[in-house]
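Enquirer: Each chain is listed here by its residues.
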Amino acid sequence: MDILGLYHYWVFAVLLMTGFYAIVAKPNLIKKLIGLSLFQSAVFLCYITFGKLAGGTAPIVGKGAELFSSPLPQVLILTAIVVSISTTALGLALVLRIKEAYGSIEEDEIQEQDAP
Amino acid sequence: MNIAIDIASWVLLTLGGVNLLIGGIGVLRMPDFYTRMHAASLTDSMGAILVILGIMLQAGLSLATVKLGAILAFLLLTSPTAANALAVSALLAGMKPRTGDAVQRTNHEADA
Amino acid sequence: MYYAVIVATLVTMALALLRAVRGPTVYDRVLAVNMFGTKTVLLLAALAFVFGRPDFLDLVLVYALINFIGVFAVLEFFRNRATRAGERQPAQHE
Amino acid sequence: MSTITLLFSIFLLTLLMITTMAIVRTRNLFVAVMLMGIASLLIAASFFLLDAADVALTEAAVGAGISTVLFLGALALTSERERSPSSLPLLSLGIVAIVALIVIYATFDQPPLGSPSAPVQAHLTPWYIESTRELIDIPNVVTAVLASFRGYDTLGEVIVVFTAGVGVLFLLGTGASASAAGAPLSEDNAGLRHYLIPRILGRLLIPFILLLGFYVQFHGEYSPGGGFQAGAIVAASIILYSLLEGEQRALLVIPQGVLLAMMVGGVLLYGAVGVAGLVLGGNFLDYSVLDSDPVKGQQWGILLIEIGIGITVAGVLISIFHAFASRGAA
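Residue numbers (this note's numbering), protein chains in the order written: chain F, 1 to 116; chain E, 117 to 228; chain C, 229 to 322; chain D, 323 to 652.
Chain F with its partners taken away, still in its complex shape (with noise of 0.2 Å):
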């Protein structure tokens, strides 16, 4: 049991490594971007699996519920997903500038145009 608890906190890890292998090998700059959401991604779940209480349900009461999960993760997750989605699209709209200015949106021939 505690083994099968365990392993979505591994999946959580790989995710997290996942997404930064996209942030640091990809020279690609949405490629990047891509990853830091997979990064964030891995990061709610985790949040959100710290809540988790076994035979809670959703913090919501109603009729017939006793257990709640911890509503405190989940109001941190759900603001910042929102503040995700427009971060990201901060970061796409700095590459649309930089793909106008260098027509590149590739790392290594960035650099290459900025080198001396």
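These aren't lab readings, by the way, just hints derived from the structure by calculation.
Where a beta carbon is used, it is the ideal one built from N, C-alpha and C, also for glycine.
A short list of chain D residues far from chain C (calculated; beta carbon distances all over 10 Å): (1) 328; (2) 412; (3) 415; (4) 420; (5) 422; (6) 432; (7) 441; (8) 452; (9) 492; (10) 579; (11) 597; (12) 604; (13) 610; (14) 615; (15) 618.
Covered by chain D, per the in silico footprint, the following chain F stretches (three or more residues, Cβ under 8 Å): (16) 4-12; (17) 50-59; (18) 91-99.
The following residues of chain D were derived to be distant from chain F, with all beta-carbon distances above 12 Å: (19) 514; (20) 518; (21) 523; (22) 526; (23) 532; (24) 590; (25) 591; (26) 593; (27) 594; (28) 596; (29) 598; (30) 603; (31) 605; (32) 612; (33) 617.
Got chain F; can you put chains E, C and D on it based on the hints?
Expert: Below, chains E, C and D without anything else, positioned relative to chain F:
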């Protein structure tokens, strides 16, 4: 009475599940894009109808049934529309459906 | 009773994911995403009843209503590209 | 969580892991965006299994309607393929694998999943659930914590969303500049006008999506929902309209000025509710003084600031979409 409803929803849910599985296998096994889309969109609609009717029988007369009805109606509207939009965009990009003699023709071209 | 449907949905999801990963064309992947959306709707509807909280069907309604917008965006994307290609070399379009 | 739902959750997470690896591996960015759509669906289903209905609703509204559209808009303006191969793939893989192993090693100290003795369950959770019943008296504890107990935090988050929106507008310009005032409507090349089936069905569904958005907004105290989700759903309906009818018509329906007013107005409404608390003799964002009955006052405050959140989020997301789409048209 209760048992009759239970049996009915068992049957509906199982049939719906089988439908979904057939769709999944079809999407994996069909030879080209348009036939795969055929498999996916038809079983999607049928599976949705069966599964949601089965759940509705269990929910009885309540707000949940109304919501399920709305979900079913919206699914039946959006899913075929999405399939249509997808087929249009594939055609727009110049993808031709594979017809019966396509295999033969490509063989000829390879010979020539 | 719902478990049969849930297991069928999960297996179908795995098959659709296999199609999405294998391709071969981009349209196959869009098709897989679309199929995945419908499967998620059914999965969540069944899960809401497994949990005994049917008031959570709001979430399912959201998916049923707005999941197809992505496919429209794909259509618009290809339409845009086709128009641009047509502007660049109009002869090829005929 | 019973063993069988635990198994479902593990199955979904395994699919999610495969999806993310495929996203990182593919060199075709269009494919990566489509697979992101699948990942978003899997994440929402996992949230639902982990008892986070509100969060699943947010992920659904954002992931299904908006994220794909934004990424496709950016791809249309750049390129679909990655040109360069990964830089130093082996070194990066090695580092990533080592960090992953360290993180996995650290998980062995975690309390088991769902354990009642975990730190988060011990003190705060029971307090929030009890106090919500006592002080605010609305069923959805998540909304209560979001809007009342952690009102400062949420105000900060709304301002971050607002700032990101303003940043995008500064970088890309507002959609209004592309379709200058008085410019004739170009009827022939706007959106999906010529595709009859998508257009008619889409137009039929837009009112329902808007209605659902308002339901989620105003029913958020009783069921999953609230301002953030409602804002995203309303934005999705407007995005659908401009996909169908073209950018210019959508800007005629809700002009850029109105969108800017929405972005600012929502934040101001939130702040004004806080200041009203100060004026009436309480603390900043203390809603108890808004009504003679403190519980009623809390409910009024939550209703008002949720409206503020919804207006700002909808305004920001629609403006961002217009900024991307008008770049493509210009």
